[in-house]
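Residues per chain, in single letters:
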Amino acid sequence: MNAHKWFASMLLVGILTGCGQKGDDTGETVIRIGSVSPLTGPQTHIGKDNENGARLAVDEINAKGLVLAGKPVRLELLAEDDQAEPKTATIVADKLLDAGVVAVIGHLNSGTTIPASKRYHDAGIPQISPSATAVAYTAQGFANAFRVMANDAQQGQALGRFAVHGLGAKKVAIIDDRTAYGQGLADEFERAVRAAGVEVVAREFTSDKATDFAAILTNIKGKGAQLVFFGGMDPQGGPMARQMKRLGLNATLVGGDGMQTINFLKLAGADAEGVVASSPGLPLEAMPGGKAFKAKFEARYGPIQVYAPYAYDAVYVLVEAMKRANSAAPAKVVAALRQTDYQGVTGPLRFDAKGDTLGGAVTVYGVKNGAWSVLEVIQ
Amino acid sequence: MDILAQQLVNGLVLGSIYALVALGYTMVYGILELINFAHGEVTMIGAMVALTVIGALLGVFPQLPGLVVVLGGVLVAIPACMLLGFGIEKVAYRPLRHAPRLAPLITAIGMSIVLQNAAMLVWGRQYVSFPPLLPQGRYVILGAQITDLQIFIVLLSFTIMGGLWLLVERSRLGRAMRATAQSREVAQLMGVNVDRIVSLTFIVGSGLAAVAGVMVSAYYGLAHYYMGFMLGLKAFSAAVLGGIGNIVGAMLGGLLLGIIEALGAGYIGDLTGGFLGSHYQDVFAFFVLITVLVFRPSGLLGERVANRA
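Chains as they are written, first to last, in this note's numbering: chain E, 230 to 608; chain Y, 148 to 456.
Accuracy of the hints is not assured; some may be wrong.
[What the hints assert, rightly or not] Partner residues aside, some chain Y positions facing chain E, computed with beta carbon under 8 Å:
no.: 1; residue: Q273
no.: 2; residue: Q292
no.: 3; residue: S318
[Claimed, not checked] Keeping only pairs whose Cα atoms sit at most 20 Å apart, straight-line, the calculated EDC-like set for lysine to aspartate or glutamate is:
no.: 4; chain 1: E; residue 1: K452; chain 2: Y; residue 2: D149
no.: 5; chain 1: E; residue 1: K438; chain 2: Y; residue 2: D295
no.: 6; chain 1: E; residue 1: K597; chain 2: E; residue 2: D581
no.: 7; chain 1: E; residue 1: K474; chain 2: Y; residue 2: D417
no.: 8; chain 1: E; residue 1: K438; chain 2: E; residue 2: D323
no.: 9; chain 1: E; residue 1: K452; chain 2: Y; residue 2: D417
no.: 10; chain 1: E; residue 1: K474; chain 2: Y; residue 2: D295
no.: 11; chain 1: E; residue 1: K300; chain 2: E; residue 2: E527
no.: 12; chain 1: E; residue 1: K400; chain 2: Y; residue 2: D417
no.: 13; chain 1: E; residue 1: K347; chain 2: E; residue 2: D323
These are computed hints drawn from the structure, not numbers from a lab.
All C-beta atoms in this analysis are idealised placements derived from N, C-alpha and C, irrespective of residue type, glycine included.
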């Protein structure tokens with residue numbers, strides 16, 4: 230009975246103060262941080278990767294011990310599943326806000342990050358997405374929205390230039406999966422190749438749950454494209470590469486970071502050969518802390534999918550800002566985040582006025598002998 | 148012309164895949180008037196079991212020819228799915244046989260979610276790739292590319308449809324099935340063991356699902372715990388289009404849906420001058436479905452619904 234009353238009053242205190250800091254038996258203050266990514270559905274493997282990256286950072290920081298305003302602080306990571314669905318994203322955002330998180334690392338997809346960002350903005354807590362690259366995310370004028378990865382404008386432009394100068398394409402076809410990410414990337418790519426005077430012979434669409442692309446690829450074949458650009462993720466990119474070969478469509482498949490994964494190689498099998506895809510940032514081996522991160526991460530969770538280093542850096546950027554603000558109060562942390570100048574695993578991280586990373590590099594990879602190898606690093 | 152031929156081939160193969168799965172839906176509906184929403188998941192389990200066996204076989208006997216390995220996978224997947232189908236009916240549908248029709252529909256959806264998540268726990272969240280074991284021969288017919296596997300899938304759907312039709316219309320078991328479909332009570336009075344017939348229906352349907360699952364994952368080169376969902380939805384639509392409960396209808400509905408989708412995706416953009424793009428492919432397919440249902444509410448061949456199956 231007493232225990233219940235105590236719990237209820239603690240709960241009430243938590244709600245009234247609304248700062249998400251809870252008393253603990255050990256005298257530590259517990260600070261909750263949210264991590265959101267799809268943990269069910271077709272992109273689960275990438276989503277779990279983000280969560281693991283963030284968790285590794287949180288565990289390291291807790292092991293080292295964090296002190297804010299003279300008090301020991303323990304971080305608690307609340308991992309939530311947004312199913313890569315925009316509508317679930319806002320529900321999960323509300324759930325995290327109810328749980329009193331002081332910041333959110335996420336979401337994974339641009340399509341979920343953008344609707345959820347409105348919730349975090351209204352609540353005034355910092356949001357750092359490790360992997361949402363759609364331009365629209367930071368273009369909303371939200372002071373609390375940040376990302377630690379080059380955006381689609383940077384990536385799409387770089388890929389477009391590479392398609393024209395590196396691959397010498399004259400006629401290209403563009404496909405996107407109708408998500409904020411895929412569409413945004415494809416639009417930027419289209420802008421870049423059109424600016425270079427290349428003819429876009431077809432603009433086709435699919436979904437992020439499709440597996441059959443025979444119809445649109447046949448159409449593209451009929452229009453004589455030499456290069457097919459796909460804005461989307463590996464579950465579609467892999468079968469697409471196979472179906473291109475099966476249809477005898479002799480064009481180079483080019484994609485963004487959603488396709489530049491180990492899983493893509495497995496799904497496309499032998500047909501992956503010659504596929505080109507980019508990834509924002511430097512290749513893992515060229516990242517300043519890449520080797521050490523890979524060793525630490527793989528010892529605990531197995532192979533890195535894609536964005537784990539970014540989720541890891543996002544947590545560190547957040548905690549560095551807390552340290553500088555000497556507080557976990559969201560408003561102070563947001564202000565401190567603006568001043569970020571952090572040397573992360575993925576490279577130096579600084580934010581511009583919108584919350585985008587300054588001067589993010591884009592690396593273009595090609596599949597050679599069944600593995601991704603670097604073709605060019607575009608700064 | 149090449150392109151039209153190619154689109155027809157694309158549609159034919161896609162349609163055959165829908166038809167393979169739709170046959171399972173339509174068979175259960177024909178006997179029980181129950182939409183077995185877990186059927187798509189049984190298909191997925193079939194693919195996953197087969198892939199596990201294929202992986203194990205390749206690990207132990209790397210020298211075996213590809214066809215034998217795949218056949219081994221199929222031969223394990225079929226009984227596994229049969230057992231699963233038998234179990235699903237026992238656990239989720241039999242206790243509700245006399246309940247209002249909505250109740251088994253809800254347990255069907257529940258079963259589908261349970262199977263999906265169970266598969267996620269067993270096989271993980273990763274996409275599993277299907278090793279390239281089957282012959283990859285490619286032919287050009289009227290300018291359209293067609294592979295061995297595609298020809299096989301189309302032939303297989305027609306064979307299975309024919310076999311199923313013979314089973315239902317010509318065999319003793321089929322007669323019992325048709326009797327059960329018409330009236331469970333009267334069939335029972337005539338000495339038909341209704342429980343046994345219903346179980347057998349699920350067993351046969353789930354065996355078919357296993358074959359369909361392996362074909363789908365071999366064709367697309369992947370399997371995933373989520374693959375049954377969309378496939379089930381499309382196959383169910385195909386069954387409704389053809390007239391649910393009718394075996395030839397399921398085949399016809401599947402083929403039509405596949406061809407409409409392929410032609411829709413291929414030509415809608417050019418016909419509307421880029422106003423509507425290939426993202427309207429599903430809209431187009433479902434628009435046709437709705438139009439058909441407005442004029443023929445029981446589907447294209449749905450008239451014979453009186454003796455369902």
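Next item on the list: Report the numbers of all earlier hints that the structure fails to satisfy, in ascending order.
Entry: Hints 3, 5, 6, 7, 8 and 11 contradicted; others consistent.
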